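Colleague: So the protein lines, in turn, are chains R and B. Throughout, our numbering is defined as the position within the first sequence, counted from one, plus 33. Throughout, our numbering is defined as the position within the second sequence, counted from one, plus 45.
Don't read these hints as lab results, they were simulated from the structure. In this text the structure is predicted, and so the values were computed from the model without any measurement. Incorrect hints may appear among the rest.
Below 25 Å or equal to it, Euclidean Cα-Cα: the simulated SDA-like pairs (lysine to any residue) are [what the hints assert, rightly or not]:
| # | chain 1 | residue 1 | chain 2 | residue 2 |
| --- | --- | --- | --- | --- |
| 1 | B | K146 | R | M120 |
| 2 | R | K121 | B | T70 |
| 3 | B | K182 | R | V36 |
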Amino acid sequence: MKVRVIALNTFAGFLRNKLIILFVAIFLCILLLFMTPLLMMKAMSGQTAGQTESPVLTLVGALMSMISGFGSLLAAWSAADTVADEMKSGTILAVLARPVRRWEFLLGKYLGVQLLMAVYVLFTFGFSYLLAWIGGEHIQTTPWVLIVYPLVRYAICSAIAMFLVTMMHPVMAFGIVLVTAILALMVQPGLRAPAFLPGLLKTVVYTLLPSTALLSESRFLTITQASLQKITWDVHAITLTYGLDYALIWFLLAVWSFRRRSLARD
Amino acid sequence: MPAAAIEFQNVTKVYRRMFREEQVTALSCVSFEAGAGEVCAFLGPNGAGKTTAIGLLMGFHFADSGEIRVLGCAPGDVRAKQQIGFLPENFAFYKYLTAPKLLRFHLALAGSWSAEAAARIPELLAKVRLHGYEEMKIGRYSRGMVQRLGLAQAFLGSPRLLILDEPTSGLDPAGRKEILGLLLALKAEGKTVFLSSHILPEVEQICDRIVIIDRGRLLRAGRLQEMLATGDRVEVVADRITEEIEQAAAASGAVVERGPNGVRIVLDAARKREMVEALWNAGCDVVSINPVKSSLEEVFLKVVEHREGDA
Numbered sequence: 034m035k036v037r038v039i040a041l042n043t044f045a046g047f048l049r050n051k052l053i054i055l056f057v058a059i060f061l062c063i064l065l066l067f068m069t070p071l072l073m074m075k076a077m078s079g080q081t082a083g084q085t086e087s088p089v090l091t092l093v094g095a096l097m098s099m100i101s102g103f104g105s106l107l108a109a110w111s112a113a114d115t116v117a118d119e120m121k122s123g124t125i126l127a128v129l130a131r132p133v134r135r136w137e138f139l140l141g142k143y144l145g146v147q148l149l150m151a152v153y154v155l156f157t158f159g160f161s162y163l164l165a166w167i168g169g170e171h172i173q174t175t176p177w178v179l180i181v182y183p184l185v186r187y188a189i190c191s192a193i194a195m196f197l198v199t200m201m202h203p204v205m206a207f208g209i210v211l212v213t214a215i216l217a218l219m220v221q222p223g224l225r226a227p228a229f230l231p232g233l234l235k236t237v238v239y240t241l242l243p244s245t246a247l248l249s250e251s252r253f254l255t256i257t258q259a260s261l262q263k264i265t266w267d268v269h270a271i272t273l274t275y276g277l278d279y280a281l282i283w284f285l286l287a288v289w290s291f292r293r294r295s296l297a298r299d
Numbered sequence: 046m047p048a049a050a051i052e053f054q055n056v057t058k059v060y061r062r063m064f065r066e067e068q069v070t071a072l073s074c075v076s077f078e079a080g081a082g083e084v085c086a087f088l089g090p091n092g093a094g095k096t097t098a099i100g101l102l103m104g105f106h107f108a109d110s111g112e113i114r115v116l117g118c119a120p121g122d123v124r125a126k127q128q129i130g131f132l133p134e135n136f137a138f139y140k141y142l143t144a145p146k147l148l149r150f151h152l153a154l155a156g157s158w159s160a161e162a163a164a165r166i167p168e169l170l171a172k173v174r175l176h177g178y179e180e181m182k183i184g185r186y187s188r189g190m191v192q193r194l195g196l197a198q199a200f201l202g203s204p205r206l207l208i209l210d211e212p213t214s215g216l217d218p219a220g221r222k223e224i225l226g227l228l229l230a231l232k233a234e235g236k237t238v239f240l241s242s243h244i245l246p247e248v249e250q251i252c253d254r255i256v257i258i259d260r261g262r263l264l265r266a267g268r269l270q271e272m273l274a275t276g277d278r279v280e281v282v283a284d285r286i287t288e289e290i291e292q293a294a295a296a297s298g299a300v301v302e303r304g305p306n307g308v309r310i311v312l313d314a315a316r317k318r319e320m321v322e323a324l325w326n327a328g329c330d331v332v333s334i335n336p337v338k339s340s341l342e343e344v345f346l347k348v349v350e351h352r353e354g355d356a
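Just chain B, same shape as in the assembly (with noise of 0.2 Å):
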């Protein structure tokens, strides 16, 4: 794994109230790590955790117990937030302000305000398809466009790392895909990007590592492709096959779908070497072999009920 951009070491987070007992573990003992020039999706349920931990990296809350590095320093260091965007969950605004004037705000709080910067702002709220809006105060934009401005006040200045917090919410399904694709175009410039969505076939498309958490645990943590990667079937596709082959499958629990292109055999891994066998010998020529992926929808919801069903 590339060097890591953000880390969490053994992360506890309790809400405690004052003058009473009651407590709420958010975070109990996580651990994980995004790499520099990764797209990391943060997956979890509602109240699985996911804005405490971002808010952790953030700096705006504070741990219990463990260790949280960002971009190698600890959360809430000026040195790491000069290069981190953040779009926070429901982002707020200065009802008051135009556009313009909001990023302008937030050009000068990051201490990079010049006339050159300022003058990419209209070409950044181009981008996320707010020109057009620049005389319109913030107080009477739309959710969507809400959402949109506050991708573009994370876009600012260029950073290295993105911290996104449901990104594409409130966005109709023509806007969630601009901004997948404005993901993308940071992801080939070798930006990190650690987002949080329940919008998982998306996530899918664009990440590179998953965490997946609930009710303040980590359940699961890797790559995305390791992870879409069942290991227990196999997909092996062949120019043909015989009758007496396509029975014996049939018998062992195989299904056999003819296509165009040939015939596409899912069956147990354990049972891959002898079913490649039974095709070569037979004559027939195996194409591929790859292992069957799951979505990533099937995969989170098969680890958070399996999770349920330990609770």
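Here chain R stands alone, though its shape is the one from the complex (with noise of 0.2 Å):
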């Protein structure tokens, strides 16, 4: 009851949060503008299908592609704000002078994130199926992967933002989750890593950071026509009993930290 009163409420908050308004609003024009070319060449009728597959294929991947990095933000920011805002504005006093353990105060911060970002990915849902309806491709996949991978992707970039903001500015605890994400894009195996990481040092950062390219949901994703990739029960459970694990283990750090945390207003 007293965690969900406080997801429910940390969700209220984020709806009339001016920063994330700010966020989704200039997020919505970035979408609306790429959404031009595609409209464009839905309306060019004399074009073979074969002309515009390519570019509608390139476009549609970059969207999504675009989609998935805001959510990473949103969901790193939502958790880093959420939690410094309740103890710069001293809300946090009147909430945990109730009856309520501070690792449920957390985990009701962290479950509103999570709604914020469940709804961010029903929205982005949505509009990946409306944009290949656009431009005339059919999305092959088990929609669950869609919603399903996103989630744990962002709930492990909201759990270690969630982690560093019990200890440090919330602008700061935002910049070193993106550090950290562009990190583990960059040490994914596959990948020619920069010249200033040996190979060593890769295999430890690539084990140590959230394999963000291994919870992709576009591993499973084929905008073509082509036959869909074979993936068993058995892989996405594993794949996602990893994601979830890492989360957990970051938002129970996350606990840690605070459980001895001082809530002087900062």
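Could you fit the two chains together into a complex? Lean on the hints.
Modeller: The structure is reproduced here in structure tokens:
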């Protein structure tokens, strides 16, 4: 009950958070700008399907990557901001004066962030289908993959940000998550690692950082008429467990760090 | 003293800055108790450490040494918090909520949400003069209205112990009077109230016990009546006084005031017996003998100034 009301209140706060509204508005503007060439192609009825397929796939792929990247940023920022704002404004004092344990407070905040990200994922899920439809293509994947994989990825980002914000300023926490996400992408197997990262260090960094590529729904996504990649349930289960486990570790670290945190207004 | 609702034993709190040598001692070996059913005022000048002590009491900060018990539990223990109503200094709120929604949110946090409890919210809002503002977002409230709402959330669920940090801050004189009335009603119900305030005449009206701290150190703690009695001056009231006694009293530094109901003589406690015997021998009737009491403000200033003198 307590966790649920904190989560719902956190979500209600996000819907009124000016920074998040601005963030979403800018994101929507960029999406609409990207949609323009797709709509143009759709309008040019003279072109054959073969002529439009390649640019449509490029655009849809770019848009979906952007949506995914924006989601990670949104998850990290909202998690860092919601905890920091409670401490800065002092609203946390009245909440924790109630019979609420610190971990319950943090869990409520975390679930509030996940609620926001669920809305975001559902929106992007619908948007992906809309884009494919505009481009005259068909998304061939199991729908739940497009929902669950991003959610797990965002759960990791928000858990790391929540842990960091128990010790530092939210902007710094957000920055570290951003750098971590970029670094995680750079050290993926199969990609050429930057020159400043020796091979051994690359392996260590890859092991320590969350593998966003592994948790990317694009692994299972085929926006063509080609056949689907066959992914078995055990692969899904192992991959998602890896992601959830990673998020859980960071969330538990956040709870541990917050346990003895002084709640003086920063 | 009744069983202690709040106990501080040799509590020390030092604020340290990460990567820096500097440290500030907010509380140094502070010990005091507040009994159950008492109204205890926690006084001190700005920066004395009152808010830190209240933060320790609520489990918002952690003491470096010493022991704190609240209703028999460690600070932050949910069993104690279930019975505590708390008003922080500069009560902060979710601006997008309305007062009834905020109170329902707090009821849910307290784990005592029920249709019956929720039905009492309008009554509580009326008690703090916020009826008629149920539809207004809290972000549009004035400072005084926010403070009143903070008090309403502290009173929610009929707590056994109320911890109020500056409860009358931001309120107009009429509002302050109403809040004092509410606190007196709570005292009559047997609730324990622990409050910090700078408005000493009001505190004096409702408190049983006083704790004075300054610069993190305990200066005085005790029952209000004992503290206000200075002990070195007494007031003798007689039905009349003779010319000779009056002259002798004036010569010894006593103050004689004539009133409609008799004569009031304020003199050193050491000369009390001598004066009473003189009055009796002269055939005057002694109506009362009482220790002269200072106001809480006088006691507070004396204690704090004495401490500054020592420093």
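Colleague: Next, verify each hint and record whether it holds.
Modeller: A quick look at each hint next to the structure:
no.	hint	verdict
1	B/K146 - R/M120	holds, 21 Å
2	R/K121 - B/T70	holds, 23 Å
3	B/K182 - R/V36	holds, 24 Å
Against the hints set out earlier in the document, no violation occurs for any number.
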